[in-house]
Structure formats: structure tokens, C-alpha cells
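These are the residues of each chain, in order.
Number of protein chains: 2
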Amino acid sequence: MNAREADVTEATERRQVDDLDARLAHVRRLLDAGAEGELATWLEELHASDVADLIEELEEDERVRLLGLLPPDIVSEALSEMEEAEHPEELLAAASPERLIELVRALPDDDAADLIGELPPEEQARVLSLLPRVEAGALHKLLQYDDESAGGIMTTELLAVEMALSAAQAIEEVRRQAREIGEEFYAIYVIDRYRRLQGTVGLQDLVLAEPATSLAELLEPPVATIPVDMDQEDVARLMARYNVPSLPVVGPNDALLGRITFDDVMDVIEAEQTEDLFRLAGVSEEEEVRSGWSESVRSRLPWLFVNLITASLGAAVVYLFRDTIDELVILAAVMPVIAGLGGNAGTQALAVTVRRLALSDEPPQRYWGVAFKEMFVGLINGLALGLLAGIAGYVLEGVWLFGLVVLLAMWGNLVIASFFGAFVPVMLERAGADPAVASSVFVTASTDIFGFLLLLGLASALLL
Amino acid sequence: MNAREADVTEATERRQVDDLDARLAHVRRLLDAGAEGELATWLEELHASDVADLIEELEEDERVRLLGLLPPDIVSEALSEMEEAEHPEELLAAASPERLIELVRALPDDDAADLIGELPPEEQARVLSLLPRVEAGALHKLLQYDDESAGGIMTTELLAVEMALSAAQAIEEVRRQAREIGEEFYAIYVIDRYRRLQGTVGLQDLVLAEPATSLAELLEPPVATIPVDMDQEDVARLMARYNVPSLPVVGPNDALLGRITFDDVMDVIEAEQTEDLFRLAGVSEEEEVRSGWSESVRSRLPWLFVNLITASLGAAVVYLFRDTIDELVILAAVMPVIAGLGGNAGTQALAVTVRRLALSDEPPQRYWGVAFKEMFVGLINGLALGLLAGIAGYVLEGVWLFGLVVLLAMWGNLVIASFFGAFVPVMLERAGADPAVASSVFVTASTDIFGFLLLLGLASALLL
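Line by line, the protein sequences give chains A and B. Be aware that the first sequence starts at 1, since it is given in our numbering, and climbs by one per residue. Be aware that the second sequence starts at 1, since it is given in our numbering, and climbs by one per residue.
Read the hints as simulated data drawn from the structure, not as lab findings. Computed from a predicted structure; not experimentally measured. Do not take every clue at face value.
The list cannot tell twin chains apart, which means a pair is met if one copy fits it or any two copies do.
[Stated by the list, open to error] Straight line, CA to CA, 20 Å or less: simulated EDC-like cross-link-like pairs of lysine to aspartate or glutamate:
| hint | residue 1 | residue 2 |
| --- | --- | --- |
| 1 | K373 | E57 |
| 2 | K373 | E285 |
| 3 | K373 | E286 |
| 4 | K373 | E56 |
| 5 | K141 | E122 |
| 6 | K141 | D32 |
The following block holds chain A by itself, in its conformation from the complex:
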């Protein structure tokens, strides 16, 4: 097969996930053989994000050895592909100051800042002190921003040309700056001499324009600008909305501070959606998908305690009606069916509403419409399930009134469930909280309570 085919096949292999362990074995083999040169060349073949996966999988000691012998640029690329949380601290601990500097300088500055940000304060100071003043200054600034804000994910490495230039001069300037920053750029920012953002000019337009054209003619206002303190989730929504590969980050008076690119944002979108799902399920967002058991316990136990309290309310309702159950013990068997289906119908409404709030831009006054739609859905699903359960109940007990009680309880509880499923997240949103926060705990609790109230209340009213 020719070189091209080889490339494609390689690319395809790279995509394959299940050969991770194979690669891991290969690395270990080379490490043990001490074939450092071979290892380095082999790793250079891989995409940085594959190297990152490998590093994450290695044992601590192997990892330190591997990172010790790799050229800094490979290591840095790999590091910048890793999720912050997965950065191997021991690498930083193990690395010599000189080594650390090499790494930091090879990293794009946003990643460098993340990396340094993980060090204990005195370490941070030490590393910064070893860097050239300019870089140290830039990094120090970046370190000030909140990790989850635009400032925390932006890079300051961008292409900016002054308004005064002509197209031809601008291209020259772009050539020069492009060589410096090395990274991909997607827009060329036009600034005045106080570095205030004036607009952007597309590289395409620049390339396509007549040399003498003045930048002013090619100037476009940015689709949007990102305030440096904007929350990363809003940044992600903004970029997804306007479908732009990068947006400028500005401070007071439109001072151009940095840029955020689509790839920063893709990671944010995934992270935020994990967070939403976790919150919905009552898992605190500190927990990573790969957290150890102790983290998991710390992140989940608090919500389970809350749930223990809410569940006790349901238990209290049952306890109130203990005589009713005493007289008609079959009710104890029907209880979980009513409560369970309520819980699931509620979860359905919850999932749809949470996503609806996350994705669409509906003004608050619409929220009631949402809740009513959900209740109507519950009205219909409840009737359908109520009839089934009611008939089953009649067949079991041979008392038509008992069937009626089951029907009404099921029907009513599904309406209530659907209502709470839509209502809880909307209320949380209006209260300025994340609509997903432990919603499921509250919804299942209320469906338990009302389900029991309906079933046992109706039973004691109609059957005894």
C-alpha cells in the first residue's frame, strides 16, 4: 500500500479505542528495555491526545520516568490535551526547576497557567521567578482569573494588527506573528494603538484583498465579544450559538485581552453536561468520572442524607395510615407501584424540562406554559396507566371500588409527578440556582409523599 493509504490506516488505527492497552504494553516494553530513543520517536508519531491517554494510564513511577525522558514539546502538547484534573502532580513535583521551565515555556500560555495553577502557592512563585519577566507577568495575570471564567480558559496568544496598516503590511505582520505563536489562529484582530479592539479581519479577506487596501475597509465588527469575567458555560453557549471558531475576550474599554477557540469550548460543553447530569442525579460536581471511591462517597453521601429526610416524610404519611394498611394489607403492595411510576413519570418530565431550560432561550413568562404542558401529558399517561393498574387491582381483589381507588391514585400521582418534574427545575432556575441541582431527589420525594397520600387517603375514605 502507498504512503497515503498508510497514513489513512494509521489515522484509523489512532481512532481505535481498544488498542489503548496494546499501546500501553508497548510503552512499558520500551521503558523496561530502556530504549528511550525508540520510545521518543514512536511517541512523536502519535497524536498528542493519544500520548495524553497513555500518560494517564501509566503507574506513577513509569509516568515520571517517561515524562523525564521525553522532549519537552511532546510532554507539553500531551499535557495541554489532558483534563486539568488529570494532570499528574507528581510530574511537577518530580521535575527539576529547569525542566519545569522548559515545559511551561513549551505550553500555550493558558495551559501553562493551568499547570502552574495546580502547584502550591510557594511553588508557583518559585516557577514564575525562574521565567523571563514578560512571560512571568503574562502568566501571573492569567493565574488571577477564575478557572471557570472566560479569563480562565482564554489564551493571550493571538494575532492582532493595527488599524493603520494596509492589507499587504498586515499580511507581513500576520506572517511574523503567526511564526511566533505557532498555534492555529482563526481571526485577525484589529486594534487601535491603545490595544482596544476595533474589529476583526478574516485571513481569507486579507489574502483575497488587493495589497493596497486599507484595513479599515476590510474591518468587520466581531460577531460578539466575551467579557473576561463571563462564566465558561455562557461562553460555550455563545460560541455554539454563533458558530464561530474563536471569539475575542475583552476587558474594560474593549481592551483586547485574549481569545477563546472552539476546542476550549467543546471541552467546556462536555464538562458542563456531565455536571448537569451529575447534579440531576444528586452527585456533586466535584466528582470526576474517574474519581476514586473516597471522592465519590464525599460527593454523594450529602444528597443521600437529604434524601433520607425527604423519604422519611413519605414514611410518615404511610405511618399515619398504618391502621388502613392493617385492615387492607394489599395496599402495601400497591404503594410502591403508584410511587414508582410517579417517580419515573416525574423523571421524564424533569429530563425534558432541564434540557429545555438549558438549550432554549425562553423568557420566564413561558415557564407556566411548560408546566401546564407537562401536566397535560401526565393527565393522559396517568389515565392510561391508571386504567391498567385499576383493572389489575379489580382482578386481584374482586372489589371494583378497590380498582377505582388504584386508578384514581395512579392518575392523580402521575399528574402531580409531571407537574413537579417541570416545576422544580423552573423554580430552581428562577431562584437563580442550577435547575438540575438534585432535582430528582426532590421530585421522587414528592411523588412518594403524594402517591401514598392519594392511595391510602382514598382507600380509607372509600374502602373502610
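Fit chain B to the supplied structure of chain A, relying on the hints for placement.
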């Protein structure tokens, strides 16, 4: 304030969500005033995705009127910003053939294909027949691909230059093609004379290279190539993984068919994550966040029926132990607490495991490790909650053995819950199904069943 500031302020306003209704009112005012010119100029100011929002919000008749009087390019841009499902079919129905052609031709071809794809077959044929043969042919091809495959989301409008050219010639060619396709391009594809993909060359490298340089020298293998039939979710994962703004789509023998850009993929990521959340909650993916009640009923009722059956199993267990409950009715009050907490602990484990499977590339042999970690978490959380519940039980009944039963039931059920929470999605994944599919229904069902078994079984063994 100067023009620049005006731009920024405007951009900021655009970002604001709550002024949607204000804009809506403005449009209606202009529509009623019949101020079509003013309306058109005002809409041209807005970003296409904002226009899209407006169109979605309008009543059917207003919408048709609005779309009727807008210049085709605005309409098409707006359409391409809308989610497929939100395309106003009545627009297509209402539009004259000529108008429809205008729209289709103004759209990028992937959006045009989506648009035509929504028409009834005979309509599709009609529209295609009215288009120039070449365009009709291209669209016809695109219509053949599965909506959710790479072919379904790719555009065929891309920049491709032949291997034989020099950098200077290539730039010329790029200029020409760029004018034609109008859209942003992120890579220039290098092909042989059979249009087989040879690799890519960055526009930057091209611009920075000496004019005489041959393309062969600048050629880079693509980070990855996307087979035309790849599922869109895998495409999204691939692009998020390699952080590239666009990837080439190839057919057999690396024939270059099209390209997919990050913005197509951002939409896919959001859509797929909605789908995951919905599946987890037992909502079929046909349901849109803005679906009407009838769709919602159709999408949710089936899972509720499944849930009715699974819940009945739990009921059956309780029924088996009805005598136990008869003798010790307090058990009926404890039941929902044990089952409910099991359900929530299971949901927590479920959420974490589902995301873990979705995000990380762990080989199947790791799955058992995941399940064991979750069980260990359940072991600890279960003990903590069991002790609390047990003490409460002792206080309530004054019988220490009763407290012990509650403790053991709670403890055991949380271990089981955590296990199922991790086990169900893993099994679904291994079975080649979506790990999220209605997992919560199965998990809560099993936590009910085992919770009741443990509580009532232990009670009848130790207390009676």
C-alpha cells in the same frame, strides 16, 4: 459613544436572551405596519441565529408573510441556523417553486439537502427537477445519506487543490474557490487527479511559504479522515478529541466527498447529550425539548408501561410478605425509605457510569473494576445511612432487633443499588446498546425488588 462602542453594545444586546419578546413585538409592529423595507433592513442587522429564533416564535401566518418578503439570503442563513426539526414546513408548502429554488440555491448544500429532505418525495423530485443539473445531482447524492451519519451532516463545499500545483498557483486557486463557496474554510485539501485525498495544507503554511514551493513539500496527512457512513456521535467524539476545526469525509479509496466543521459537531454534541439524558430517563429520542403533548405522550408512555411491569414485580414481593406486614405494619412505612434511597444511590452510580462510558476510552476489561468501585462506594454510604435509619427505627419501635433489620436492609440495598447502577449500563454497552437506554427504569425496579426482599425477608426471619 463611537461606532466601535456601538458595535460592542449591540453585540452585548444580541447576547441578551430576555429581549427576544421585545424583538418579537418589534417584528409584529413592522409586519402590521406593512413596513417591509424597514423590517428587512432591521433584520439584516441581526445575526442569522437571532433571526432564526424570531421565525421560530412567530405564528404560522406571520411567519409565512415574513419569509415571503425577506431577501432569500437572509431567510436561508436563518434556516441554516435552525434545528432541522424546527424548520417551518408551511414555509416550504407556501413558497412558490421559483422562491424555493432561490432559497435552496442560497443555502450551503448540507442545509439545502436537509431542507429538501423534509419535503414529501414527489415535492423533492419537483424541486430537484427545477435546479440546474449539477446542483440537483449534488443534492440528490446528499439526500441518500443517513441523516445521523457523516454524510448527513457534511458539506460538499470545500477547498481542494491538485497535488501538482505550486504554493503560488495554489493560492490563486484558493482565491478562486473561496469566492465560489463563500463559506469559511479551515483546511485546504490536496487531491490527486482522481480526487483521492492526498492530505491537507494549511492556509497559513501556504501564505507563509515561498511562492515556488511545491505542494508536496507542504503536504500534511490529515489528523484523521471520516468514513462517510460513520455515526455522527463518533464524528463528534473524533473532532472533540483531535481539536480540529474541520475534518475531511472520504468514501471508498479515499475519494474526497466532503468536510465536517466544528459547528456541525457542536450541534451534534448538544443533541446527543440531550438524547443520552432522555434515554436515561426513559424518554424516547424522538421527543424534542419543545415537542407538543401528543409527541411527549407517544415517547414516554411505552417506558411507563415497561415500568408498570417492573414495578409489579416489587409489588409481588410485598404481596408475598403480606402476613409479615400484617403482623408488623410499621414495615410498610420503612419500605419506601429503603427502596427510595436505593433508587437514588443507584441513580448516582448510573449517572457517573453512563458519563464514564461516554467520555473515557476504557477497554471492556476495565468494566468490572468500575462495578467494584461503585459497590465499595455503596458499602460505605449504605453503612452510614443504615446506621442512621437503624437508630431511627430503634427509637421508633424500641426494639433493637428492629433497628438491626432496618440497618441491614438499608446497607444491603445500597450495595445492590450501586452495583446495578454501574452494571446495567455496562451490560447494555457490551450488548451493543446505548448504555443510557432507560437504565433508570431498570435500576429503580431492581432496587425496589431487592429492597423489599431484604427488609421483609429479614423482618420475617428475625422479628416474627
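Here is how each hint holds up against the structure:
In this assembly of identical chains, the alpha carbons of K373 and E57 lie at most 20 Å apart only when taken from different copies (17 Å versus 48 Å within one copy). For the homomeric pair K373 and E285, the shortest alpha-carbon distance between copies (18 Å) is at most 20 Å, but the shortest distance inside one copy (31 Å) is not. Proximity of K373 and E286 under a CA criterion of 20 Å is satisfied inter-copy only: 17 Å between copies versus 34 Å inside one chain copy. Taking the shortest alpha-carbon separations for K373 and E56, only the inter-copy value of 18 Å comes in at or below 20 Å, while the best intra-copy value is 47 Å.
Taking the shortest alpha-carbon separations for K141 and E122, only the intra-copy value of 17 Å comes in at or below 20 Å, while the best inter-copy value is 62 Å. Taking identical chains as interchangeable, the C-alpha atoms of K141 and D32 are never at most 20 Å apart, the minima being 42 Å within one chain and 53 Å between chains.
Comparing the model with each numbered hint stated earlier shows that hint 6 is the single one that does not hold.
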